[in-house]
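Using the sequences and the hints, build the whole thing.
As you go down the protein sequences, you meet chains C and R in turn.
Here UniProt numbering is used: the first residue of the first sequence is 1, the next is one more, and so on.
Here UniProt numbering is used: the first residue of the second sequence is 1, the next is one more, and so on.
A hint or two may mislead.
Claimed, not checked - What the simulated footprint calls covered on chain R by chain C, stretch by stretch (three residues with Cβ under 8 Å from a Cβ of chain C suffice, anywhere in the stretch; the number is not a length):
no., segment
1, 85–93
2, 98–105
3, 113–127
The hints are simulated quantities; they were obtained by calculation from the structure and are not laboratory data.
Note that the Cβ used here is the ideal one computed from N, Cα and C, for glycine as well.
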Amino acid sequence: MDALRYTLKRILLMIPILIGISMLTFFISNTIPGDPARLAAGPYADAKVIEELQEKMGLNDPVYIQYFRYMKSLLQGDLGNSNYSHQPVMEDIKQYFPATLELTFFSMFITILIGIPLGVISASKKDKIADQFARVLALIGVAMPAFWLGIILLLFFYLKLGVLPGSGRLDTGLAPPETITGMYTIDAILTGNWTVFTSAVIHLILPGITQAAVTIGMITRMTRSSMLEVLRSDYIRTAFAKGGSERRVLYGHALRNGMMPIMTLLGMTFGHSLGGSVLVESVFSWPGLGKYAVNAITYLDFPAVMAVTILIAVLFIIVNLVIDILYQVVDPRLNYE
Amino acid sequence: MLLELKNVSLSLKRDGKYVKILDEISLQVNKGETVGIVGESGCGKSMTALSIMRLLPEKAKLEGGILLEKEEISSYSKRKLEKIRGDKMAMIFQDPLTSLNPLHTVGRQIEETLILHTDLNKEQRKKRVIELLNEVGLPRADEIASDYPHQLSGGMRQRIMIAVAMACNPSLLICDEPTTALDVTVQAQILDLMNHLKDVNEMGIIMITHDLGVVAEVCDRVIVMYAGKIVEQAEIKELFINPKHPYTKGLLDSIPKLAMKKTKLGSIPGMVPSPDKMPKGCRFYERCSSAMEICREKTPPMNLVGEEHLAACWLFEEKEGEANASSRNKGLEATLHH
Ligand SMILES: Nc1ncnc2c1ncn2[C@@H]1O[C@H](COP(=O)(O)OP(=O)(O)OP(=O)(O)O)[C@@H](O)[C@H]1O
Ligand SMILES: [Mg+2]
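As structure tokens, then:
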């Protein structure tokens, strides 16, 4: 009950934040030079056509009128038409966002699976060889530019060995599965299409690893420092005094206590990757939100820029909310304040 | 005999080099007996306890013999130690709040000892947890079992710690200042509870404390430590009435002051020598009012100074001369075996 009330309160609090963000984006985009009508009309259109288009797009109205008009259709699920793809922005997002979502889930999965145990081992074997190894690995992960790693992986596994695909989401010739979530792996499972599933997973590997490399480094380092602090606690000594094995104490007592800062960092990186990683998506020709956003900015595709900005803001807020709720699940001392 | 320490020495790594923290500690604990260990802060009381439990910091060097129920446990592997920790020997720490995992219910924390050492099924464990909570004097046991440590008072938390330790009926219970973090009335209740549990379960208790009042309340025998060494041990009455070692006398002299102002042990003038700069003679020499020439040069042996009463001081050198340490220990053993 408390948890439910807390969640509702937090969701209501999202509204003013979103209004603020939408206003900011709208007005800032409006001050940027460049005429969407001219861009939409194409380079050879004459002045009259452009003028008509300006009128039609409502560009001559005062900015606040334009804003209200935008917000009204937004609430009806209409994000306007892209000046570049000439289809509703909503459709574009439905197409690009699941690709990013899928890549993000995959790389976060790798991050958690490798980063946290590596950090735990590193802390429990402090200053021993395993720790040194993990620390160097984490440092390399953090320090290495993602696009560079991407290119190296591409050269090696795709061009030289030819064992992994280097671009796209599916083998050419395979039709995407019926759209349910838009994430090919999930949709393939839901429709029982295993050929597509395998192909989708294989295509995720290189971009997934590239994106995970940096976050694994960060999570490992955070897990290590958080665990080192926890391992000094009295209750850890109690757990050993009861006869607990090292493994039991580390994973049963210490990790959960050290989870807070790890969760915070995971949430941040998760939110961040949801906005799309331009570099990784470019290297692997991954048709995701990052690429879409860059296109939108390059072509001054105003409705698309607005939509992406608002979407990223909403995602960040949701991730934050989920993390905050998870805090309370993990730590009984925090009661829904 | 339940527990015997034979010439236990401990060195810990500090700033890259080893320093001797405990020097040839020998002591015995019998079944159903409470042995107090007292001494100033830093004299090695906790390290003695942690050496027995082998919960030492990394890179600790432990020498000597530790026998628990005639089993030499100082050479036990990690695995074997995990089997007896929490089962045959258990330990209670000073601060019950920080010693309990804040994220687990107290019921679960008591249950963990049972999971580790018994074959009880889930239902039987639940029952035993309730039983234990009742034993340590907590009413509404089933409610408390699902509480988290922060929801309980200090005294209740220490009772939980006791329940955790008592879960498998250990034969040895080590308490490291179990009442220091509690207020006076709660302190007395906890001590009563421990006395009661000792009588019921026939275990041996090592009670580490700063507080001679606590010693008077629960201990049968007392060991006085100074700078990593045992300087005196005797029966409780004997020690209070007839202290021999100048250090013990100093400690006891500080009691009247205790009544007026709550000072801890160590109102004896001077400073304890640090472990890496131990003098070659008696470690108490610098602060001792009865110091003699020999005290600076040679470490005093342990002398039998009364019935079951030992003191390491040159004032009481055995008349028959340089008896070696092991024969003195045998003498003590003989006196302790009634
Ligand atoms: N992890 C450690 N590494 C190195 N030396 C330590 C460590 N822990 C304690 N020591 C040293 O060991 C000595 C004995 O410490 P111990 O904790 O046993 O004292 P104590 O008698 O329990 O004191 P107190 O009454 O304050 O609890 C001290 O000199 C202390 O500085
Ligand atoms: Mg101590």
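How the hints compare with the structure:
1. For the segment 85–93 of chain R, the proposed coverage by chain C is satisfied: 6 residues have a C-beta within less than 8 Å of a C-beta in that chain, meeting the threshold of three.
2. Counting residues of the segment 98–105 of chain R whose CB falls under 8 Å from any CB of chain C gives 7; the rule of at least 3 is met.
3. With a cut-off of 8 Å between beta carbons, the segment 113–127 of chain R has 3 residues touching chain C; three or more are needed, and the interface restraint holds.
Of the numbered hints given earlier, the model fails none.
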